[in-house]
Amino acid sequence: MYNFDFEKPSTIADAVSAMAAEEAQALGGGQTLIPTLKQRLASPSKLVSLSGIAEMKGVCEADGGISVGGATTHATVAAEAGAYPALAALASNIGDPAVRNRGTIGGSLANNDPAACYPSAALASGATIETNSREIAADDYFQGMFTTALEEGEIITNVRFPIPEAASYQKFEQPASRFAMVGVFVAKYVDGVRVAVTGASEDGVFRWTEAEEALSGNFSADAVEGLSVSGDGMISDLHGSGDYRAHLVKVLTKRAVAAAS
Amino acid sequence: MTQKNQYKLNVNGQTVEVTAEPRELLIYTLREQLNITGPHIGCETSHCGACTVTIDGKSVKSCTMFVAQAEGKEITTIEGLGGPDALHPLQEAFKEHHGLQCGYCTPGMITRASKLLEEIPNPTEEEIRFGMAGNICRCTGYQNIVKSIKAAAAEINAAKEAAQ
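Sequence order for the protein chains is A and B. At position 22 of the first sequence the residue is numbered 21 (numbering that gives the first Met the number 0), and the sequence of numbers has no breaks. At position 42 of the second sequence the residue is numbered 41 (numbering that gives the first Met the number 0), and the sequence of numbers has no breaks.
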């Protein structure tokens with residue numbers, strides 16, 4: 000890999016100034032970024048590690064929701080997000096134990112891998128992504144595969160999730176990579192149901208609005224029985240065709256509803 | 000750029016100082032600078048777990064961590080668990096129950112298993128398979144690895160009880 004300078008600030012303010020350097024790149028747990036650098040797919044001049052910033056770590060409950068620091072590892076969310084069990088369960092099934100000890104929620108959301116688990120939780124929960132400069136609603140944040148609303152040098156400091164009445168995340172795991180071939184997060188709130196799908200679409204995580212409408216009227220697996228998902232625009236690769244992934248979207252939505260209700 | 004820095008690490012209870020570029024992966028620092036060759040390089044893509052070490056009490060794949068990120072951390076490798084004169088109960092159990100064949104994955108397996116047994120002192124087979132999911136073995140088919148970890152758990156728990 001290409002060499003880089005390395006900085007490990009201990010406050011958000013210092014991280015923001017370190018990120019002002021040209022071609023600087025934030026480093027969370029590195030579970031995606033380090034493999035990317037090994038393949039020379041990126042050549043930042045400087046890595047700014049966020050893992051020493053205490054104010055960006057941990058899970059706390061606030062205003063009927065939970066707030067997760069951007070540098071919080073998956074293992075910590077799994078252990079401490081008990082107030083939002085579906086989110087804790089999602090975190091406890093990402094990758095493997097060693098990956099969960101390093102990978103962070105901020106890193107996952109900033110990268111927005113089309114097969115990552117966290118984007119579906121953020122979108123289905125209508126989460127708020129807090130950065131060093133502003134707050135971004137999940138509906139505005141995800142803008143397609145590996146693309147987000149984040150500006151150059153902007154850092155995810157915190158993610159706020161409103162806690163739903165019932166929720167579940169179901170993924171069909173690609174057994175070698177443990178990424179979601181398709182993952183569906185269903186969250187039922189007082190004002191309606193939200194369904195977010197990861198792993199399936201060429202546009203990255205998306206909301207399955209027909210299912211949301213059907214489930215908001217009748218929160219049962221039967222409610223989506225009559226719906227169908229088109230294979231157009233779905234990811235097609237050696238692990239599965241677009242049509243297969245489209246089929247899984249419905250299967251996993253039904254499983255998630257059954258597990259949540 | 001390409002400047003080397005000094006990093007202070009604590010490896011198996013000893014404080015060491017190394018000079019390295021920030022991009023050096025921890026597994027290379029351990030193996031090539033410190034001659035700690037227990038952790039192996041398998042896939043180097045964080046899938047196989049042969050490079051698993053314990054950092055500040057947590058299992059980590061040392062091929063997916065820069066030495067710069069390990070500055071000031073406490074690192075335990077298989078060498079820190081036990082040696083030929085005093086085997087760790089897991090090492091003994093892997094030997095007794097054929098938990099290894101070629102042995103390439105074993106240091107990572109045992110280092111990870113040592114943390115698993117702290118997280119869950121008396122794990123079920125399912126918990127062992129889930130907890131060991133990041134460590135791949137291409138010889139044993141895992142049956143004897145599960146058996147070894149169960150046997151070591153029993154041994155460790157019995158010793159704990161006897162000590163009370």
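Keep in mind the hints are simulated off the structure, nothing from the lab. Check before you lean on any hint, since a few could be wrong.
To be verified - With beta-carbon atoms standing in for the labels, derived distance ranges:
{"hint": "1", "chain 1": "A", "residue 1": "133", "chain 2": "B", "residue 2": "153", "range": "51 to 59 Å"}
{"hint": "2", "chain 1": "B", "residue 1": "3", "chain 2": "A", "residue 2": "133", "range": "54 to 62 Å"}
{"hint": "3", "chain 1": "B", "residue 1": "161", "chain 2": "A", "residue 2": "78", "range": "25 to 33 Å"}
{"hint": "4", "chain 1": "B", "residue 1": "7", "chain 2": "A", "residue 2": "13", "range": "51 to 59 Å"}
{"hint": "5", "chain 1": "A", "residue 1": "145", "chain 2": "B", "residue 2": "31", "range": "30 to 38 Å"}
{"hint": "6", "chain 1": "A", "residue 1": "82", "chain 2": "B", "residue 2": "123", "range": "49 to 57 Å"}
{"hint": "7", "chain 1": "B", "residue 1": "5", "chain 2": "A", "residue 2": "16", "range": "17 to 25 Å"}
Cβ coordinates follow ideal geometry from the N, Cα and C atoms, glycine included.
Here is what the structure says about each hint:
{"no.": "1", "hint": "133/A - 153/B: 51 to 59 Å", "in the structure": "55 Å, holds"}
{"no.": "2", "hint": "3/B - 133/A: 54 to 62 Å", "in the structure": "39 Å, violated"}
{"no.": "3", "hint": "161/B - 78/A: 25 to 33 Å", "in the structure": "30 Å, holds"}
{"no.": "4", "hint": "7/B - 13/A: 51 to 59 Å", "in the structure": "21 Å, violated"}
{"no.": "5", "hint": "145/A - 31/B: 30 to 38 Å", "in the structure": "34 Å, holds"}
{"no.": "6", "hint": "82/A - 123/B: 49 to 57 Å", "in the structure": "27 Å, violated"}
{"no.": "7", "hint": "5/B - 16/A: 17 to 25 Å", "in the structure": "24 Å, holds"}
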